[in-house]
Every structure is written in structure tokens, then in C-alpha cells.
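Colleague: Read off the chains here:
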Amino acid sequence: MNRIRVVIAKPGLDGHDRGAKVIARALRDAGMEVIYTGLRQTPEMIVASALQEDADVIGLSILSGAHNHICPKVLDLLREKGLDDVVVLVGGIIPDVDIPKLEAIGVKGVFLPGTPMQEIVEFIQREVRPRVETA
Amino acid sequence: MASVLNSSTPGEGATKVRAAAGREGDFTTISGRPIERLYTQQHLPGFDYATELGDPGAFPYTRGIHPSGYRGKLWTMRQFAGFGTPEETNQRYRELLAAGGTGLSVAFDLPTLMGRDPDHELSLGEVGKCGVSIASLADMERLFDGIPLADVTTSMTINSPAPMIFAMYLVVAEKQGADWQTLSGTIQNDILKEFIAQKEYIYPPRPSMRLITDIFGFCAKEVPKWNTISVSGYHIREAGATSLQELAFTLRDGIEYVQYGIDAGLDVDEFAPRISFFFNSHSDFFEEIAKFRAARRLWAEVMRDRFGAKDERSWKLRFHTQTAGVSLTAQQPYNNVVRTALQALAAVLGGTNSLHTNSLDEALALPTKEAVTIALRTQQIIAHESGVTHAVDPLGGSYFVEALTREMYDGARQYFDTIDRMGGMVAAIEHGFPQKEIAESSYQFQRAVEAKRKTIVGVNDFVIDDEPPFPILYIDDTASATQIGRLNALKASRDNAAVAGALARLRDTARADGNTMYPLLDCVRAYATVGEMCDALRQVWGEYEEVPIV
Chain C
1 MNRIRVVIAK PGLDGHDRGA KVIARALRDA GMEVIYTGLR QTPEMIVASA
51 LQEDADVIGL SILSGAHNHI CPKVLDLLRE KGLDDVVVLV GGIIPDVDIP
101 KLEAIGVKGV FLPGTPMQEI VEFIQREVRP RVETA
Chain X
1 MASVLNSSTP GEGATKVRAA AGREGDFTTI SGRPIERLYT QQHLPGFDYA
51 TELGDPGAFP YTRGIHPSGY RGKLWTMRQF AGFGTPEETN QRYRELLAAG
101 GTGLSVAFDL PTLMGRDPDH ELSLGEVGKC GVSIASLADM ERLFDGIPLA
151 DVTTSMTINS PAPMIFAMYL VVAEKQGADW QTLSGTIQND ILKEFIAQKE
201 YIYPPRPSMR LITDIFGFCA KEVPKWNTIS VSGYHIREAG ATSLQELAFT
251 LRDGIEYVQY GIDAGLDVDE FAPRISFFFN SHSDFFEEIA KFRAARRLWA
301 EVMRDRFGAK DERSWKLRFH TQTAGVSLTA QQPYNNVVRT ALQALAAVLG
351 GTNSLHTNSL DEALALPTKE AVTIALRTQQ IIAHESGVTH AVDPLGGSYF
401 VEALTREMYD GARQYFDTID RMGGMVAAIE HGFPQKEIAE SSYQFQRAVE
451 AKRKTIVGVN DFVIDDEPPF PILYIDDTAS ATQIGRLNAL KASRDNAAVA
501 GALARLRDTA RADGNTMYPL LDCVRAYATV GEMCDALRQV WGEYEEVPIV
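Protein chains in written order, with our numbering: chain C, 1 to 135; chain X, 1 to 550.
The following block holds chain C by itself, in its conformation from the complex (with noise of 0.2 Å):
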């Protein structure tokens, strides 16, 4: 069976990699490819690790505030690649007026503080199970 290829990124000048680094063992715990790329990550190096791992989901660790300036960057780069397909998930701290501009743009799961890791893990394999099985 494939499993699904998750790649976890801090982008941004921003250091606070709690959130990400347990969200990245809870995924591999529950049985994900998971691909952490470190701190200080360019849209550009994202999109790049994202297309050598052949990720399903990209998950994006934002705190800092900078989301409306990357967010749309990656997804841009994405669709230049041709990579269209993958999921893009944001987690942090994300005001309620900047979720529906960052869903218009093709983020398909805005995650804030205090949601459990489970919820996660379910939204990625409802999300991506079906392409994995049948790719």
C-alpha cells in the first residue's frame, strides 16, 4: 500500500517549531511519509522538497503573520510545476477575517491552536486516501 508523502515546512523568518515538529510525529505515527524541512524555508525550496518527495500535502507552520504573503507563493509555484494536486494545509495563528482569502486561494484546511493532532491526521487521509489508493 502507498502511503501518503506529507511534507511539513516552516516558512518565514519565524523559529517557533513546536507545533510543527509535533505535527509531524503525530502524522508519522499514524502511519504518513513525513518529510520535515527544517527552518527558514522560501516558497521556492518548499515547492522544490515538495516535488523531489513527491508529496500528497504540504503542511505550512505560520505564526508569525506573514501567511497572506506566502501562502499565496507556494500555491502559485505549485501550479507553475504542475503540481496543482497536492494539498496545502496552513497551521498557527491565523485571524478568523484571513481564512476564507487564504481557502480562496487554494488552501484546502486552515488548523488553529488547540486543534487535536486526530482531527488532522482524519482531514489528510479523507483528502488524499482516495488519489493514493488508485495512483
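Take these hints with a grain of salt, some might be off.
Claimed, not checked - Calculated from the model, a selection of chain X residues having no Cβ within reach of chain C, i.e. all distances over 10 Å:
1. I30
2. E95
3. K175
4. V392
5. E407
6. V499
What the hints assert, rightly or not - Examples of chain X residues toward chain C, derived with CB under 7 Å:
7. L110
8. K129
9. C130
10. G240
11. T329
12. Q331
13. A439
14. S442
15. Y443
16. V550
Said to hold, decoys possible - To give an idea of the interface, some chain C residues facing chain X are shown, with a C-beta separation under 7 Å as derived from the structure:
17. L13
18. D14
19. R18
20. Y36
21. G38
22. S64
23. A66
24. L112
25. P113
26. G114
27. P116
28. M117
Please keep in mind that the hints were generated in silico from the structure rather than gathered at the bench.
Everything numeric in this text was worked out from a predicted model, so none of it was measured.
Ideal Cβ positions, reconstructed from N, Cα and C, are used throughout, including at glycine.
Take the given structure of chain C and dock chain X to it, following the hints.
Modeller: Showing chain X alone in chain C's frame:
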């Protein structure tokens, strides 16, 4: 009451008795430390008042560094602030000072914290967001415009670019005619916890340590009242460490700095009195109080016995506390006022010298003015209404608190031994030891929350499904264009040959073994930017890249 006592007796009917006793439960602290039902003198074998506690103001200072506790002086209520352009933050500082404050605390934005100018690729979307944007001396002049630096104390949360930002502060003071010899304030300047937890590092650990000992040496001579470092557990805890790990890693970081200072040829009593600490106050009330009390005893013993410090000021651990940002919930945000109040009370009962209370909306955004006011009022209510400030160390002698204090003390000593065996904290960091310990604790805690072994009110229990929207402070992107425009104007108007010459002298000093603060002051006077100064040292020392530990 009888049924409670019987509950520890196994045998027939035990289940029923336990039910009668009230709750099935996990009686451990938030850090997973088991707590017994009752503490008595049997939990303190060989307890010796003079060795373990001492009176307040006397070695080993477990009960506090001042004989009169908070009767002599309340803790400093210092609220951390900064956002947008220097002018916007200057306005907030003027309001704070007009309201009777005498201390400022500067929050810088991420580009400044990482030594990048506002026009750098990685600064995209970050300028002025999490703090104020400072790119050159010109910005620092705007930040402190109309604020006499001779009369205020300023705390600056800055680490990798601490020497550059501190040099800017000193040049602003110089231009105002203030005397460096009487200037007072604090720079965080704690790079070890950046490698361990917050990850705002630039250079590899060893040259980073040299910048710190350069500041120790420089300040001992030029700015003797300045607090040269604030050794910080706060970020270590926020990254997921337990209370004990926070205590142990922070103090072991402190030991590392003192050792490097001595190795750089400084006399311990010349720089150690200017070392201060910064702890987190989390939600487990008694465990936190025990942590603060144990910290003072550990530091006093380490400074006297390990380093042979003779000056009592070198023995006394002074610390700032911030309530636990990570404990705040985005759900039912008003509950955060109560969390913060309990955490602040623990800090006060633990004898903190300075305190920042978080605002109720900080799991959502930077705080609004209204939220900041409630946070400050929380401290004022503890100080002026609760009565807890009347007696010094009011929990001293409690069987429970003393047993916990002893456990924290012993546990920290064990960590010191482990890290000493690795060759010190720099070596331990290079091995990823504290990083692994923290990642493990943080994951275990999250699993405990998911399994509901730990309750977070409003998150995994007592949940409200349809919460009303909550008003937050929304910071737009206007600061970025302003700051980039200014940077371009500055580069067009300054003497660029003078900047290049000063940067070359900085690189030369970094390659040799002089004190980097002097060439940095010249770079600042020539209006070199934070990015240019940090890049000059990147060229000499390279950049640190961590191996991510999940």
C-alpha cells in the same frame, strides 16, 4: 475524611472506597511529576533550614534575595511592546511613560531579530509584524525620540544581533549627552537558548559565545550598570520543556556563560553580578513556585562553590518572569485572564523581581490596548489587594513546597552532571541533547492532552461549539513599504565609503581577537544597517544550520 485515608489501603472494597474518595485521576503536575496525597515531615529527611533555605536575603537565598521581600520594593511591572514603524512604537512608549512607567521593554520584528534588513527576501511579510522594525541608527533615533535614556531603564529582547542593537542604543544615548557609566537596562543576549529552543540564531555556537563575552568585557569597563544578559528559560519552556528541564537547562546555560567569561580572561566578580535570568510561569501552581525557589539556591551554590565568586552580588539570582503564552487558548479567550492571574501569583509567591503578564488575546494576535490594560491590572490586584506581599516567602516551611523545591533542586543537579559529562552546554547542543529532551516532552504532553489525561478547559473539555467572534488587533503591511523606502533613502544619503571602511574593520577584528563592540560602534555611527553588520560577520564566521530533530 476517613474514606479518603482508607483509599490508599488495598483490599476488598477498594474500588468502592476510591469512588467515595471523589475522583479517579492522574495526580501529576503539568510536567508529569507525580504528586502524593499528603506531605509531612517524613518527606523531608535530614532537612536543614540553614543549608536549604536560609533567611530571606541570606545565602543560599531560597527564600529570596531581599531581607524585606516585597515590603522594600515591589517587583517591576514591565510590559513588553513593539509593532510597526519606530514612530508607532515611540508613541506607545510615550503613553506608557506618561502613565507613570519608568521601564521600557522593546519587542523587535523578526527581520531585526534575525539580522536581516526590511528589503531582504526572507523579510517578506514580516516587517513590523511581531515587533518594531529597526534597520539602522536612524530608526533607533526615531524609536527613542523625546525619551531621555539617562532617565529610563530599557529592556531589549534581542539575541543574535544584540551587539549591533546595543551599540545603536549606546550611540543614541551618546547623542543625547547621557553618560554610559550611569546608563541602565538589559539586553537578552542569550544565544544558547536560541539554539535550544527559539531558533533565532545566526552564527555557529562558538563565535556566538565570543560576541557575548565581548559584551561582558566591554560593559564591565564602559557601561557598568547594564545587565549584559538575561539567561532565559521562558522560550525553552514554551518550546515544550518540563518545569524541571526549564530550570536545569537555563541554569546550565548560565554556568556556560560564566565559564566562557572566565576563560576569556575576565574576573568572575567583575561580570557575574550583571547576569540576570528570565523564567516562565506556567499553570502548575506549586511546581512553578518550587522551581523559582530552587533556582535561587542552585545559582548561589554554583557561583560560590563552583566558580569561587566572592562578591555576594554574584551569588544572588535576580529574575524576570513572564506568564506562559503557550498555556493561553484561542477558545473562550476570557478564560486566559484567570490562567494568567494564577501564573502571575505563582511568580510572586516564588519571589520574582520583575513580571510581564500576558494579555487574554495573545493566542489570537498581538494584544489590543484594552487587553494589555487588563494584564497590567492583574499584577496591580496581586500587588495591592491580595495581601500576598506582606510576608516574605509565605509558603516557606510548607511540607509540600519544600519537598517539591528539593525535588527540583536534585533533578537540576542531575542534569548539570549529565551536561558536564558531555563537555558543557555548547557540546550538549551540538549533540542535540536539550533539543531532543524538549521535543520528547512536548510530544508526550500533546498526547496526554489528546487522551484527556490532561484537561485544558475550553479545548478538550467544557467546550462551547459556537463561540462568538472575538475582536483582535490586525496589523497591516504598511510598515514594510515605509521601512524599505527609508532604507533606500539612507543608502543614497550616507557616506558609503565610511560605512565600507567601518565594516572592513569589524571583519578584521572578528578574524583577530579584539573586542568587537568597538568597531561595531563605529559601524553604527556611520549608519551601517543591521543587515550589513550581521552580513559582515556572516562572511567571517558563516551561518549555523541545525539538523532538525523531530
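Colleague: Would you pick out the hints that fail for this structure and give their numbers low to high?
Modeller: Of the numbered hints, all hold.
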